[in-house]
Amino acid sequence: MNKVTNISDAISTIKDGQTIMVGGFGVPGTPFMLIEALLQHGARHLTLIKNEANEPHLGVSKLIEAGRVDRLITSHLGLNTTVLGMMNDKKIEVEFNPQGILVERIRCGGAGLIGFISDIGIDTVLSKNKQIITLNGQKGTVESALRADVAMIHAAVGDDIGNLVYEKSARNFNPAMATAADTVIAEVESIIDTGSLDPDAIHTPGAFVDRVVEIRKLRDEYGILEHHVFT
Amino acid sequence: MNKVTNISDAISTIKDGQTIMVGGFGVPGTPFMLIEALLQHGARHLTLIKNEANEPHLGVSKLIEAGRVDRLITSHLGLNTTVLGMMNDKKIEVEFNPQGILVERIRCGGAGLIGFISDIGIDTVLSKNKQIITLNGQKGTVESALRADVAMIHAAVGDDIGNLVYEKSARNFNPAMATAADTVIAEVESIIDTGSLDPDAIHTPGAFVDRVVEIRKLRDEYGILEHHVFT
Amino acid sequence: MSNLKALKLTKKQLTVSNKRDKIARRAEKEIIAGQIVNLGIGIPTLILKYLNWEKRVQIHSENGILGMKSHCSRETADRNLIDAGGGYIDLVAGASFFDSSLSFALVRGGRLDIAFLGALEISTRGDLANWMIPGKYTPGIGGGMELAQKARRLIITTLHTNRRGRPKILESCNLPLTAKACVDMIITELAVIDVVDDQLQLVEIAEEATLEEIVEKTDAPLMVPDGVLPRF
Amino acid sequence: MSNLKALKLTKKQLTVSNKRDKIARRAEKEIIAGQIVNLGIGIPTLILKYLNWEKRVQIHSENGILGMKSHCSRETADRNLIDAGGGYIDLVAGASFFDSSLSFALVRGGRLDIAFLGALEISTRGDLANWMIPGKYTPGIGGGMELAQKARRLIITTLHTNRRGRPKILESCNLPLTAKACVDMIITELAVIDVVDDQLQLVEIAEEATLEEIVEKTDAPLMVPDGVLPRF
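Protein chains in written order, with our numbering: chain A, 404 to 634; chain B, 404 to 634; chain C, 24 to 255; chain D, 24 to 255.
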């Protein structure tokens, strides 16, 4: 059951109108190669689930700028004035979630649950239009699970049965998304022999991953963003 | 902020009537040394949360047999006829949860959430007396978060700020419980220099752990159970 | 858990043992290459004995293991490495460990391809009862409810009748359910039965069995297709 | 995020920079040895500059880091290692990485001892508004709502007035709230103010400030204790 495939096969099944989760928090953990392939592939009317929209002309922002995304479920767009502008111009529908609620909704979908109850935002505008219930005297909003047709994630190392290890702050949303989609596609910086990863140190067990693509050469996008060097 | 302490100090704050979570699934991951210390310490009327009750005269079964536990929240007691007998004789109150729901309730408490919604057991006797709600057309029971006053957990390796690494199937309930108690006490087989654990391979970050106790010599209970050798 | 009991039986009653082995051997053929499989205690665990590892199957254990291989000997037993039934195990290459929470996320999230479980009772529409006999046997559900309800395919491997010789396959279950309409296939020492559209469909007959015997020992309507059924 | 902007300001307006540094320096004193601390963008991140590392504090970043040390130079920047604000960072010994889900479990579960955040508005009873200006600035909430609502102690580090010179501390907030009654302390370039029992209590006055100035620039009732207040 070798899950390693080439990039065009990996994303060939993505269809117009699907919901796609994309890993990453800023540059680390963003699967730029898969995003680029999706841009070439041409699928439209997508719903995208990602922590943020990267920055203008980078990562998922390219998909959004190309008009491929109808709806974005995200946490914040503070670094992407382009997408914020498109949102204000109603060229894209944006649903904002508190960051921890966003990842928890994804995890909830991945864990085969229907939803969860949280008091985050209970006293704010975010609780509007949400079902509110009381449990053991605590009042909370009902948050629904999020799942996607496809998750595109990035890992440092993988093997041919889909075991994944993430590196440093590139882990972020990737492990939760790896559990929460019907088809999970992982790009990895290197593929190593199955059995050579420490079983205690594997972050995502292979059962969750459907396709593994090796990044032969890291695009420039994976590199350091000079404007984020603060000292 | 050195969290390493001796065993009697570690458990000295435990009081009658408290709720204690105990890690482990069978022998692996069960904190036998902390359990033994709690037995010596003498706290009574405890509520215990543990996957199972170990086996007769082993682990938490000792606490239960000594009459220290009023209530047990667990998943199954198939290997402990002694505790099953006490349950049938109404010497202890037992609340059974599906195993995955039990750990999810613990994780939910650890994640600062109020509860979650699941369809597990929806068509069974387990859904009796549970609040049922419908979300996006899916019907589920509302499961409440579980937290404890104290979690007693076992890890293979730890450092002085409480970072923990578990080994093999001894991980089980320990990471979830490490997040879900007001005071988290970890016994570890060895303490290593802070900074020598791989930051990508730490299972429980030190922020969750309050006290670390080193096991100087593994008691016999940690060893192989001959009657579980099946070949 | 009842593995131990099973082993004691092995020594005493060879006939039952042969039946159990026959069921396990047949059950193994349901596993497709690359699948993620969970084996309950009892007959399901026996499948390991017959597993063709060329299929690169990954065996899941609820206590946080993917890639268990088999029960191991005293010499190779690791105090930190047991399966959900309590037995010491060894691993295949590519195995991974995780916590109980992720372990059940895998099950409920739809990543478990097949669960093989035992049964006390199975109904025509695929209801399963396998966890309690009120007033007699109430050890708790463990992970069985989630396996039954959420595995993509649930195959029951069981002796056709219970210890008192009474049918386990019934028009409807009398015992408290593990899950409703969850069973996809039943494999016994006598027959292989599919659960399709709330009906039981006989698909294979054991070499040692007759159709009459199967019908007699099944307390539920059984659809029998025309023509000769395959033997196993 | 606005770190970048902050740095540009540094070069242009030294006065504001001095104020910000003063706030950060004072804020650092609130941190107790061994605490788990989250620093929002802007002034809160400046605290790193003044942090006494003998306290063995562990800095949490929402994107899954415990043990960040400081922003680092181009030479030591690692493409896989940024904080939640996007800046490249280095680590203290004992740092750990985890996923976003565990990162917010830490925050919501009560393991975050202090969060330092900025503010647009703060009310008498400790309400905080810091994430949106309807129609003008709606970039989404990020992790701020959970930090504000769930940190064991929330300290606001902010300039006393906004860019138009108007008070940020108000009787009640006009902007959409981040969280209700969440603020424990406010540190500005002019004053240190505790929020106690739905009241604002002045506890320290900046060396450069007068009580009159503070009262004038605060649009909410301020409890001033008898006697001489400490200066900072």
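Hint data in this document are derived by calculation from the structure and do not stem from the laboratory. Note that the Cβ used here is the ideal one computed from N, Cα and C, for glycine as well. A portion of the hints provided could be inaccurate.
[Stated by the list, open to error] Example chain C residues on the side facing chain A (calculated, C-beta under 7 Å, incomplete):
1. Lys52
2. Ala56
3. Ile59
4. Ala118
5. Phe120
6. Ala128
7. Arg176
8. Arg187
9. Gly188
10. Pro190
To see whether the hints hold, each was checked on the structure:
no., hint, verdict
1, Lys52, "violated, 17 Å"
2, Ala56, "holds, 6 Å"
3, Ile59, "holds, 5 Å"
4, Ala118, "holds, 5 Å"
5, Phe120, "holds, 5 Å"
6, Ala128, "holds, 4 Å"
7, Arg176, "violated, 15 Å"
8, Arg187, "violated, 37 Å"
9, Gly188, "violated, 39 Å"
10, Pro190, "violated, 33 Å"
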